[in-house]
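Undergrad: Kindly produce the complete structure, drawing on both the sequences and the hints.
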Amino acid sequence: MRHSPEDASTRVGVGPPPPDEDLVLWILSGPARGRFLRVPKKGGVLGRDREVALCIDDPGISREHLRIQRNDRGYFEVEDLESRFGTFVEGDQITRQVVQDGDRIQVSAETVLRVRAVDSREPEALERPTAERIRDPLTRLYNRRYLTRRLEEEYAFARRHQTPLSLVMVDLDHFQRVNAEFGHGAGDKVLRAVARVLHATVRAEDLLCRLGGDEFCVLTRGEDHAGSLAFGERILKVLRERPMEALGQRLQLTASAGVVTYGRDRSTSMMELLVEADAALYEAKQKGRDRVQAYRPAGDPE
627 MRHSPEDAST RVGVGPPPPD EDLVLWILSG PARGRFLRVP KKGGVLGRDR EVALCIDDPG
687 ISREHLRIQR NDRGYFEVED LESRFGTFVE GDQITRQVVQ DGDRIQVSAE TVLRVRAVDS
747 REPEALERPT AERIRDPLTR LYNRRYLTRR LEEEYAFARR HQTPLSLVMV DLDHFQRVNA
807 EFGHGAGDKV LRAVARVLHA TVRAEDLLCR LGGDEFCVLT RGEDHAGSLA FGERILKVLR
867 ERPMEALGQR LQLTASAGVV TYGRDRSTSM MELLVEADAA LYEAKQKGRD RVQAYRPAGD
927 PE
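627 is the number of the first residue of the sequence shown in my numbering; add one for each residue after it.
Warning: the hint list may mix true and false statements.
As the list claims (entries may be wrong) - Mimicking DSBU-like on lysine-lysine, the simulated pairs with C-alpha atoms at most 30 Å apart in a straight line are:
1. Lys815 <-> Lys913
2. Lys911 <-> Lys815
3. Lys913 <-> Lys863
4. Lys863 <-> Lys911
5. Lys815 <-> Lys863
Hint data in this document are derived by calculation from the structure and do not stem from the laboratory.
Quick caveat, the model's predicted, so the values are computed rather than measured.
TA: Following this line, the structure appears as structure tokens:
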């Protein structure tokens, strides 16, 4: 179904992003999986033509497929440019629609993108962290801003000392059903309970963060790839075996996880590590959920 332009105010929890935030598109699947594209300040066209601002080499994408930019109200907006395949935001075909951090955009049979808002200011903007800036207000776990800062430091350490560094990205399966059936208040209580379970599961030296929504991430230093996969399996097992409660009803939750390890994978920057972990998570979801998936570069065999 093709959706008409959507006003941002109709999307729950959507507000105009701060002017100091830029947009980055993480490529979760397709020939360019694992790459990321930074949207220019003035916006730009995405397509397979090498002259466009956001080029992806995928024959299923139109030469000029979509335009993404801030609208006059400050929201990031995607407009389909009468592309051959169409543009799908969170599974719905659109002509023009506001997008928010975390949305998935599909532009071909193979290529799926993830919208990420990032702080465009210089690193010194993070040099004076406060609890409000680095903690998620709902769960009190560290937030994505702090993860990015710490990952930059840990990535530099891992490169310098050639030690393993892993990201385990965890996303609850079908969590939107909890919000739909029990309401967002009950959903928030479940998320806080999940955060407590995860906090009790990770090691003291691990960094546990909530990325947003029902998505969490663990940064673990010194754990090789096999150990990180086993750690991901342990997290899913704990969640699977620990019933949650919403409005007096017991809920059996499952989750999916994506794992990437510096030293084993081909990451050349901390941003690539994040993109690759999210790509692995997306693959876990596509393969049926309730599973751990290691990152595989595009073209690598199963």
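Undergrad: Check the hint pairing lysine 815 with lysine 913 against an upper bound of 30 Å on the C-alpha distance.
TA: Holds, at roughly 29 Å.
Undergrad: Hey, lysine 911 versus lysine 815, does the alpha-carbon distance stay inside 30 Å?
TA: holds (24 Å)
Undergrad: Given the hint that lysine 863 pairs with lysine 911, does the C-alpha gap stay at or below 30 Å?
TA: holds (16 Å)
Undergrad: Has the given pair, lysine 815 with lysine 863, been kept, meaning a C-alpha gap of at most 30 Å?
TA: holds (21 Å)
Undergrad: Need the status of pair lysine 913, lysine 863: alpha-carbon distance at most 30 Å?
TA: holds (18 Å)
The earlier numbered hints are all upheld by this structure, with none contradicted.
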